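Trainee: One-letter residues, chain by chain:
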Amino acid sequence: MAELVCVLVAIICAVQAIRAERLLHSALWLAGASAFIAMIFYSMGAREVAIIELSVGAGLVTILFVFAISVAGDEHNVGRLAVPRALAALLAGLCAIGLLWFASGVVSIVPNAPQSTGLTQMLWRDRALDTLVQVALVYTGVIGLLGLLQAGRTEVDVHHTEQSEIQSQHDATPQAERMHG
Amino acid sequence: MNLPPVAIAWFGAMILFGVGLYGLLVVRNLIKLVVALQILAKAAMLAFVAAGYAQQQMGLAQSMIALIIVADTVVAVIALALAVQVRRRYGTLDVRQLTALRG
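Here the protein sequences come in this chain order: R and A. Just so we're aligned, residue 1 is where the first sequence starts under the working numbering, counting upward by one. Just so we're aligned, residue 1 is where the second sequence starts under the working numbering, counting upward by one.
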């Protein structure tokens, strides 16, 4: 029963995240959806991942969103949509139903299935390559972010930096001469 | 009504998938597009948990979900940085007003 309540609340939060007018509200509704999905994970036995989802999905990503919204600013977009709402809803519903039909056999309960190993053993012994991929992904993200932030510096900023560097070199030269003298 | 947790999680994953896809199709704001992508990723995670619970392979499902969380966070970081750059350069977050690539 707890799972049903959590799933319903998570769906309501997700719908509100799409429907919300302001971007900040949208980010906060998304954080709520993350928190309730983490609760579903916990109640179904995926405890370690629930903690990760709660701290990363509801914490770190929300902070990133709030930071990005504060830098980029909020904006209301009104006007014609690329896809009409009714058509989009129909397409999304058809895709969801098709996926449900396609994968309904995957989640049938397997009786007497072999018990899986724990997450730590699984991550370090059986799926060590995944861990390596995760590390590579994190490095890629950091390098990409640094590159984007570097590219975002306007020419005025670069000019200012060069000017200040020249100024500091100019200030340092007489001191060096005095020290030599 | 006593539904098994697998069925609940599976239906939740499908509905979240539909909501995320609808958002991707309808939304015009770049930052909100990232929100819709996040909802899609959460649907995938929930589907993995349902499958792992049904097949008694929760360790495998959890390792997959950890990979999804990392990849999804990196995607969010890059996409938000791109959105900030687009806003600085073009002055808007509306995808329909980004006409630089229009032929």
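The set of hints was computed from the structure by calculation and includes no laboratory data. One thing to keep in mind: the hints can contain errors.
[Unchecked claim] Which bits of chain R does chain A cover? Going by a derived footprint, with three or more residues having C-beta under 8 Å, they are:
| hint | segment |
| --- | --- |
| 1 | 36–47 |
| 2 | 137–151 |
[Said to hold, decoys possible] Here are the computed distance ranges between Cβ atoms for each label pair:
| hint | chain 1 | residue 1 | chain 2 | residue 2 | range |
| --- | --- | --- | --- | --- | --- |
| 3 | R | Asp130 | A | Pro4 | 22 to 32 Å |
| 4 | R | Leu81 | A | Ala7 | 33 to 43 Å |
| 5 | A | Gly91 | R | Asp126 | 33 to 43 Å |
| 6 | A | Gln85 | R | Leu24 | 14 to 24 Å |
| 7 | A | Leu3 | R | Ala136 | 18 to 28 Å |
| 8 | R | Ala128 | A | Val75 | 19 to 29 Å |
| 9 | A | Ala7 | R | Ala136 | 35 to 45 Å |
| 10 | R | His76 | A | Ala7 | 35 to 45 Å |
| 11 | R | Gly118 | A | Arg88 | 43 to 53 Å |
| 12 | R | Ile97 | A | Gly91 | 23 to 33 Å |
| 13 | R | Ser70 | A | Ala7 | 21 to 31 Å |
| 14 | A | Arg96 | R | Thr131 | 16 to 26 Å |
| 15 | A | Val95 | R | Val138 | 19 to 29 Å |
Note that the coordinates shown come from a computational prediction; the quantities given were computed from them, not determined experimentally. Just so you know, even glycine gets a beta-carbon here, dropped at the ideal spot from N, CA and C.
Trainee: Now, for every hint given, state plainly whether the structure supports it.
Mentor: Each hint, compared with the structure:
1. Taking a C-beta to C-beta cut-off of 8 Å, the segment 36–47 of chain R contributes 7 residues in contact with chain A, enough for the three needed, and the coverage statement holds.
2. Residues of the segment 137–151 of chain R lying with their CB closer than 8 Å to a CB of chain A number 9, which satisfies the three-residue condition for coverage.
3. Asp130 of chain R and Pro4 of chain A have their C-beta atoms about 29 Å apart, which keeps the hinted 22 to 32 Å range intact.
4. The given range of 33 to 43 Å is respected by Leu81 of chain R and Ala7 of chain A, whose C-beta atoms sit roughly 34 Å from each other.
5. About 50 Å separates the C-beta atoms of Gly91 of chain A and Asp126 of chain R, a value inconsistent with the hinted range of 33 to 43 Å.
6. Roughly 20 Å separates the CB atoms of Gln85 of chain A and Leu24 of chain R, a value that falls within the hinted 14 to 24 Å.
7. Checked against the hint of 18 to 28 Å, the C-beta distance between Leu3 of chain A and Ala136 of chain R comes to roughly 40 Å, which is inconsistent with it.
8. With their beta carbons about 23 Å apart, Ala128 of chain R and Val75 of chain A fall inside the hinted range of 19 to 29 Å.
9. Between Ala7 of chain A and Ala136 of chain R the beta carbons are some 36 Å apart, a value that agrees with the proposed interval 35 to 45 Å.
10. Taken as a hint, the range 35 to 45 Å holds for the pair His76 of chain R and Ala7 of chain A, whose Cβ atoms sit roughly 39 Å apart.
11. Hint check: Gly118 of chain R to Arg88 of chain A, Cβ distance near 46 Å, so the stated range 43 to 53 Å holds.
12. Roughly 41 Å separates the CB atoms of Ile97 of chain R and Gly91 of chain A, a value that falls outside the hinted 23 to 33 Å.
13. As the Cβ distance of Ser70 of chain R to Ala7 of chain A is approximately 41 Å, the hint placing it in 21 to 31 Å is violated.
14. Arg96 of chain A and Thr131 of chain R have their C-beta atoms about 41 Å apart, which leaves the hinted 16 to 26 Å range violated.
15. For the pair Val95 of chain A and Val138 of chain R, the supplied restraint of 19 to 29 Å holds, since their beta-carbon distance comes to about 28 Å.
Figure legend: structure checked against the earlier numbered hints; hints not met, in rising order: 5, 7, 12, 13 and 14.
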